[in-house]
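Could you put the whole structure together from the sequences, leaning on the hints where they help?
Protein chains in written order, with the numbering used here: chain G, 14 to 348; chain C, 14 to 348.
Since the hints were derived computationally from the structure, they do not count as laboratory data.
One or more of the hints may lead you astray.
When chains are identical, the list treats them as one kind, so a pair holds in a single copy or across two.
Stated by the list, open to error - In silico BS3-like cross-links for lysine-lysine, where the CA-CA straight-line distance does not exceed 27 Å:
{"id": "1", "residue 1": "K98", "residue 2": "K315"}
{"id": "2", "residue 1": "K32", "residue 2": "K120"}
{"id": "3", "residue 1": "K53", "residue 2": "K98"}
{"id": "4", "residue 1": "K98", "residue 2": "K120"}
There are 2 protein chains.
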Amino acid sequence: MSKSSKSRAWIGFDLGGTKMMAVVYNDRFKQLGMRRRKTKAYEGVRAGIDRIVDTVNQALEEAQVSRGEVAGMGIGCPGPLDIEKGILIDTPNMGWRNLPLKKLLEKIFGFPVLIANDVDAGVYGEYCFGAARKARCAIGVFPGTGIGGGCVYEGRLIRGEKNSCFEIGHMRVMPDGMLCGCGRHGCLETLTSRLAISAAIIAAAYRGEAPNLLKEVGLDLSNIRSNSIASAISAGDRAVEKIVRDAASWLGVGIGTVVNLMNPDVVVLGGGLVEAMPVLFKTAVEESARKTAMPSFEKSFKVAIAGLGDSATAMGAAALARDAFSDTKAGEKKK
Amino acid sequence: MSKSSKSRAWIGFDLGGTKMMAVVYNDRFKQLGMRRRKTKAYEGVRAGIDRIVDTVNQALEEAQVSRGEVAGMGIGCPGPLDIEKGILIDTPNMGWRNLPLKKLLEKIFGFPVLIANDVDAGVYGEYCFGAARKARCAIGVFPGTGIGGGCVYEGRLIRGEKNSCFEIGHMRVMPDGMLCGCGRHGCLETLTSRLAISAAIIAAAYRGEAPNLLKEVGLDLSNIRSNSIASAISAGDRAVEKIVRDAASWLGVGIGTVVNLMNPDVVVLGGGLVEAMPVLFKTAVEESARKTAMPSFEKSFKVAIAGLGDSATAMGAAALARDAFSDTKAGEKKK
Numbered sequence: 014m015s016k017s018s019k020s021r022a023w024i025g026f027d028l029g030g031t032k033m034m035a036v037v038y039n040d041r042f043k044q045l046g047m048r049r050r051k052t053k054a055y056e057g058v059r060a061g062i063d064r065i066v067d068t069v070n071q072a073l074e075e076a077q078v079s080r081g082e083v084a085g086m087g088i089g090c091p092g093p094l095d096i097e098k099g100i101l102i103d104t105p106n107m108g109w110r111n112l113p114l115k116k117l118l119e120k121i122f123g124f125p126v127l128i129a130n131d132v133d134a135g136v137y138g139e140y141c142f143g144a145a146r147k148a149r150c151a152i153g154v155f156p157g158t159g160i161g162g163g164c165v166y167e168g169r170l171i172r173g174e175k176n177s178c179f180e181i182g183h184m185r186v187m188p189d190g191m192l193c194g195c196g197r198h199g200c201l202e203t204l205t206s207r208l209a210i211s212a213a214i215i216a217a218a219y220r221g222e223a224p225n226l227l228k229e230v231g232l233d234l235s236n237i238r239s240n241s242i243a244s245a246i247s248a249g250d251r252a253v254e255k256i257v258r259d260a261a262s263w264l265g266v267g268i269g270t271v272v273n274l275m276n277p278d279v280v281v282l283g284g285g286l287v288e289a290m291p292v293l294f295k296t297a298v299e300e301s302a303r304k305t306a307m308p309s310f311e312k313s314f315k316v317a318i319a320g321l322g323d324s325a326t327a328m329g330a331a332a333l334a335r336d337a338f339s340d341t342k343a344g345e346k347k348k
Numbered sequence: 014m015s016k017s018s019k020s021r022a023w024i025g026f027d028l029g030g031t032k033m034m035a036v037v038y039n040d041r042f043k044q045l046g047m048r049r050r051k052t053k054a055y056e057g058v059r060a061g062i063d064r065i066v067d068t069v070n071q072a073l074e075e076a077q078v079s080r081g082e083v084a085g086m087g088i089g090c091p092g093p094l095d096i097e098k099g100i101l102i103d104t105p106n107m108g109w110r111n112l113p114l115k116k117l118l119e120k121i122f123g124f125p126v127l128i129a130n131d132v133d134a135g136v137y138g139e140y141c142f143g144a145a146r147k148a149r150c151a152i153g154v155f156p157g158t159g160i161g162g163g164c165v166y167e168g169r170l171i172r173g174e175k176n177s178c179f180e181i182g183h184m185r186v187m188p189d190g191m192l193c194g195c196g197r198h199g200c201l202e203t204l205t206s207r208l209a210i211s212a213a214i215i216a217a218a219y220r221g222e223a224p225n226l227l228k229e230v231g232l233d234l235s236n237i238r239s240n241s242i243a244s245a246i247s248a249g250d251r252a253v254e255k256i257v258r259d260a261a262s263w264l265g266v267g268i269g270t271v272v273n274l275m276n277p278d279v280v281v282l283g284g285g286l287v288e289a290m291p292v293l294f295k296t297a298v299e300e301s302a303r304k305t306a307m308p309s310f311e312k313s314f315k316v317a318i319a320g321l322g323d324s325a326t327a328m329g330a331a332a333l334a335r336d337a338f339s340d341t342k343a344g345e346k347k348k
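Here it is in C-alpha cells:
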C-alpha cells in the first residue's frame, strides 16, 4: 500500500445493539483494517464510548493508519437520531439517550464525524459499492427484527426532516391486520419481519409441522437464527419453507407498491435472513413484486441480493463521511 | 404593467382530455392572460395542434405579449410521455399516439417548449405557488377518474426513468380487493377514486338510499359531477355522505403509508371532488392518515387543500419551463 493512498483514509463504523464494527478504508475505499466487538450496551454509556474508541483505534492499528491521516468517520446508528447535531436521541435495546456522539468522538479523535441511520448507511453502501451501483433510484429492503428500508434517488438518500424515513415495514398491507410493534395494525412488518416469520415457525413446530427445526432449536423464539431456518428447510420441513415463502411474497407486495411510487431500477434485498436463503427470497419477492406493480412498471426493475454483507452499513457510513467532508480535505491537499 | 416585467413571459399549458387551457405569466408569475377551450380530441391530431396553437395565441393576445417576449412554455399532458424527447406516447381518452409535441410547437412558436406529466405539473405548481410553498417534502393527491399523485422532494419532482411515477392510486391496500383499471386487484383507486365513489353512490341511489341524488341526476354514472355529490349531501343524503367519508378515510390510509415512506411536511389534496367538499375530505383524510402513520410520524405533517384550483397544472408547467430554460434567457438578458 503506497503512502499516498493512505493519506486520506475514511472510517466507517456500524454501531449495533449487539455488535459494533470499525472499518478503515483508503481513498479508493479499499479496506485497510477492520475490528469487530460486542457492544455490551448494558455496561453503560461511558463504557460504550470507550469500546467505540478502542475498536476504532484497533482498526487503525491493523490498517497502519494514524489519526492524522483520517479524513473523517461515518457512524451508522439505530434511530431516532438528530443527524444535524450528531445526537443519538434514543437507542432501542441499548438504553443510550441524548448522546452527543459526534461531538464526543470529534473531541477524542480530532477528525470530523457524522452519524447516519444504520439502514440508510447500508442502502447507501450498496448504492456506492454493492448491488445497486449506478442506479438512478435504488430501494433497499432488509428484513430483520423489523424491516429496514431505504431509498437512494438520483444519488441522494431520501431522508425525513429530522431523521430517516422510508419505513417500508410500516406500510399498511392488511386492513385490520395484526398488532405491530409501532402500535398500528396490519403493517407489512407483522407479516414478513424475521420476528414474524420466527413466531410463525415456532407455532408450526409446536403443532408438530417442523420436526427438524424443533429438534435443532426447540420452542424458544430467541433461539431461532436465520441459519437454523435455512437448515430446517434443507432438512425437509415443508411448513417452514411455506412460511418463509409466504412472508417473502408479502414482502413483494410491499415492494410492488413502492415500485409504483418510486419507479426504482433496482430493489436490493439484504440482511441475515435473505443471505441465509437468497434464492428462495429473490424468487418469491420478485414474483410477487412484479404481480403487484402496475403492468407498466412490471418489468422496470431488477431484484438483487445485497453485495456487501454485513459491512454495508460501515462502508456506506464511510461514503457519507467522504461526501460530507471531502471538500475540506480537498482544500487541505493543495498545501 | 411595465414593459420590463413582460420581457420574459412564461406560458403554462394544461392539455386535458376534455379541455385545454393556456395561461401567460410575467417573470414574477403574475397572470397576464388566459384562454380555455374544449380539447375535442376526436377531431384528430392535426385539428388538435391547431386548437393548441390558437389557444396559446389568444392567451398571448389577451396578455398583450408577443411571441418574441416568451421565454418558454411548459405543457402538462396526460401520460405516458417521453419527457426528454417531448413526445406524447399515448393519450388515454384522446387517441393521440407518438406525437412529437415539443418539436412541433417549437417550430411553430420559436420559443422552447417542454412537456410534463399533468399531475406532476400540478403538484409542482402547488409547491411553487400554492398550498405546499417552501415544503421540504410535499405530496400531492388528486382523486379524479383515477387518483393522481406526485411528490416534490427538496425542490425537485420525484420522477421515473422515462415518465412520472408516484402512483399512489395503485398502492395495494386491500388484499384480494376489487379489480382495478390497471389490471391488478385491491389498488387504492378501487376504493377512493371519483369513479369508485360515483359507482357506489349510483348503487345506493338504486337501492333508494340517495333520494336527492336520484332526483337530481338519475342512475347514469356519467351524469354524476362532484357538485351533484356535494348537493346531495347538503340536501340530506346520509348514505352519500357516508360513502364519501369512507372513501376519504381510505385515501387517508394510503396517505399514511406514504407519510411513513417519505415523511412529507405537507400533503396537498386537490381536484374537483375535494374542492366540492373540502371540509369533509380534509377532516376524514387527516384523521385516517394520522391513525395510519407510525406514531413518530403522526404529527409530522399538515394536510392542506390545494390553493391554485384548476390552474395548478398550467402554473406548474410554466414553472418547470422557467427552471429548464431560464439559464439561456438569463444569458440573453445581458445583451
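Evaluated hints:
Taking the shortest alpha-carbon separations for K98 and K315, only the inter-copy value of 25 Å comes in at or below 27 Å, while the best intra-copy value is 37 Å. When the C-alpha separation of K32 and K120 is checked against a cutoff of 27 Å, the pair qualifies only within one copy, where the shortest distance is 24 Å, while the shortest distance between copies is 64 Å. For the homomeric pair K53 and K98, the shortest alpha-carbon distance inside one copy (25 Å) is at most 27 Å, but the shortest distance between copies (57 Å) is not. With identical chains, the CA atoms of K98 and K120 are at most 27 Å apart within one copy only, with a shortest distance of 14 Å there and 53 Å across copies.
Checked against the numbered hints given earlier, the structure satisfies every one of them.
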